[in-house]
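*Asks:* Read off the chains here:
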Amino acid sequence: MEEIIKVENLTHTYGVGTPFERSAVEGMSLSVYRGELLGLIGHTGSGKSTLIQHLNGLLRPTAGRVLLDGQDIWAEPKKIRDVRFRVGLVFQYPEYQLFEETAYRDIAFGPTNMGLSGEELDRRVRDAARFAGLDERLLDKSPFTLSGGQKRRVAIAGVIAMEPEVLVLDEPSAGLDPRGREELLEHIRAYHRERGNTVVLVSHSMEEIARYADRIVVLARGRTLMSGTPREVFSRGSELVRAGLDVPQATRVAMELQKRGLAIDPAVYTVEDLAAALLALRKGGGC
Amino acid sequence: MSTMIETKDLSYTYPGGEGTAATLALDGVTLSIARGSFVVVLGHNGSGKSTFAKTLNAVLLPGGGTVWVDGMDTKNEALLLEIRRRVGMVFQNPDNQIVANVVEEDVAFAPENLGVPTAEIRQRVDDALEAVGMTEFTLHAPHLLSGGQKQRIAIAGVLAMLPECIVLDEATAMLDPMGRREVLNVIEGLHREKDVTVVLITHHMNEAEHADRVIVMDDGHVAMDGTPREVFSRAEELRALGLAVPDTVALLRELKANGLDVPTDAITVSDCADAIMDAMKQHA
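Taken in sequence, the protein lines are chains Y and Z. Using my numbering, the first residue of the first sequence is number 1, and each one after it goes up by one. Using my numbering, the first residue of the second sequence is number 1, and each one after it goes up by one.
Read the hints as simulated data drawn from the structure, not as lab findings. Computed from a predicted structure; not experimentally measured. Any given hint could be a false lead.
With a straight-line Cα cutoff of 27 Å, these simulated DSSO-like cross-link-like pairs (lysine-lysine) come out [as the list claims (entries may be wrong)]:
#1 Y/Lys-283 with Z/Lys-281
#2 Z/Lys-194 with Z/Lys-54
#3 Z/Lys-194 with Z/Lys-256
#4 Z/Lys-281 with Z/Lys-256
#5 Y/Lys-283 with Z/Lys-256
#6 Y/Lys-283 with Y/Lys-259
#7 Z/Lys-281 with Y/Lys-259
#8 Y/Lys-259 with Z/Lys-256
#9 Y/Lys-141 with Y/Lys-78
#10 Z/Lys-75 with Z/Lys-54
#11 Y/Lys-79 with Y/Lys-141
#12 Z/Lys-54 with Z/Lys-8
Derived coverage of chain Y by chain Z (criterion: at least 3 residues anywhere in the stretch with Cβ under 8 Å from a Cβ of chain Z; other residues may be distant) [as the list claims (entries may be wrong)]:
#13 38-47
#14 125-136
#15 192-201
#16 211-223
If you anchor each label on the Cβ, the simulated ranges turn out as follows [claimed, not checked]:
#17 Y/Asn-9 with Z/Ala-34: 36 to 44 Å
#18 Y/Phe-144 with Z/His-140: 30 to 38 Å
#19 Y/Leu-279 with Z/Gly-16: 32 to 40 Å
#20 Z/Asp-261 with Y/Asp-265: 20 to 28 Å
#21 Z/Gly-16 with Y/Arg-22: 47 to 55 Å
#22 Y/Arg-22 with Z/Leu-139: 38 to 46 Å
#23 Z/Asp-9 with Y/Thr-13: 55 to 63 Å
#24 Z/Ala-34 with Y/Val-16: 50 to 58 Å
Here a beta-carbon is modelled for each residue, glycine too, at the ideal position from N, C-alpha and C.
Construct all of the structure, not just a fragment, from the sequences and the given hints.
*Replies:* Shown next as structure tokens:
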């Protein structure tokens with residue numbers, strides 16, 4: 001697999017020379033492969049927000065490098081703006097960043113800054129709205145009259161409209177209700193499948209990451225703790241728990257069953273898989 | 001048990017603005033919350049649950065019907081201070097609730113405004129910070145704390161008023177799993193050890209685990225009301241309301257549908273594992 005982003009020995013220290021000097025990321029290395037849907041997990045203070053702000057050059061490394069397509073993004077600092085068009089970042093609670101008179105103009109803001117106009121701009125705004133699951137009839141409304149979930153879709157569409165090669169979403173479903181979460185994530189998955197673009201999904205929800213990610217990177221204390229397929233990562237459930245992270249509820253039940261002496265694979269991470277494993281065990285009389 | 005909060009035919013309408021219609025957020029809610037109970041209120045976005053929460057200490061006044069807090073009508077302005085003393089509120093965004101530059105001053109803010117004597121304020125602040133496990137942060141700057149720690153400070157600020165009831169309006173929604181756990185542990189402790197009545201508004205089904213009672217709201221009405229086991233046994237109805245059952249219940253339902261004899265109302269991970277072990281042993 002080809003790496004689209006490579007982070008090498010990244011260190012970022014905030015407040016250098018002040019009493020608050022603190023390294024949020026220390027010697028972190030990881031790869032993002034072209035076309036994958038990567039899940040990024042880590043609790044507050046693990047360095048994930050600091051990391052993702054390096055991916056599109058919002059923060060500059062204190063040490064180490066970030067490579068995009070093999071090129072150090074800071075090789076020519078004057079061209080860092082191009083990196084921001086190629087790596088689109090959707091912040092947490094992006095609905096607080098809307099400012100335009102209509103949803104349409106808000107979505108058009110990024111591509112307009114890229115110098116687009118006319119038909120191409122219109123196509124991008126409408127495509128992006130569709131990918132984000134925003135009803136076209138809402139495009140002429142003021143974003144401030146929309147519901148929280150709709151506002152968030154406007155904000156996400158605004159980044160998708162720049163057609164970035166890599167889309168990074170920081171907690172896109174936080175604060176939404178279960179149906180809202182599922183709808184939004186299904187739209188992101190459909191975008192990923194249809195465009196074949198690289199997506200980095202940051203989430204606190206293990207269930208969510210387990211269901212949607214091809215590969216997972218777990219961060220802890222400013223470093224990469226583990227990476228692998230959901231199966232590989234959740235098979236190390238007790239390590240995750242020790243690192244202060246949650247594991248999917250299905251994995252927790254499997255771990256409890258194993259503790260009670262049942263020969264069950266604790267690497268299962270969805271309800272469906274655990275049910276299937278238990279039913280197979282019953283058939284085999286494995287108790 | 002006596003009644004902490006009672007509502008009768010409670011309704012509330014948000015006025016419409018330019019080009020937007022008025023929204024009926026609460027439509028005839030009648031219920032009573034017993035003193036010392038732990039009530040979880042669930043519902044999808046727009047179901048009216050946050051509006052309901054805000055009527056419980058007169059942040060919003062009823063558009064129709066009545067809310068009584070400890071027998072006091074929340075529409076009676078003369079009783080406002082007494083009502084807010086009884087029922088404290090913690091909101092969703094930890095950054096919007098902090099008013100001071102030092103943790104202890106933030107916690108002291110409410111009792112100062114209530115005119116509590118200085119020596120007693122000191123005692124209340126110390127007690128409140130101890131109750132939320134934040135004593136060591138007494139002299140810290142709140143803005144440098146984590147989200148979970150900030151919410152614990154917000155809870156301490158409410159506790160310093162010595163409330164009988166705490167209403168948490170999606171107070172865990174912006175926190176990571178660890179922060180959420182910290183806040184829930186504090187809330188469960190207050191309920192267990194200090195008999196504080198808790199009304200917890202949330203999207204997270206798992207937070208209903210330790211509740212005595214679960215109320216599900218939909219379209220401004222109470223759609224379900226019962227123990228967690230009763231409510232989560234109605235999985236299809238919950239799904240129709242845009243909610244889900246906890247994964248433990250989903251797992252047990254799947255097993256039962258495939259012929260394994262398990263109860264489908266074990267909500268906690270440990271109860272769920274016990275139920276599965278029993279069924280597997282019986283089968284063998």
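*Asks:* Which earlier hints can't be squared with this structure?
*Replies:* 3, 9, 11, 14, 15, 16, 17, 19, 22
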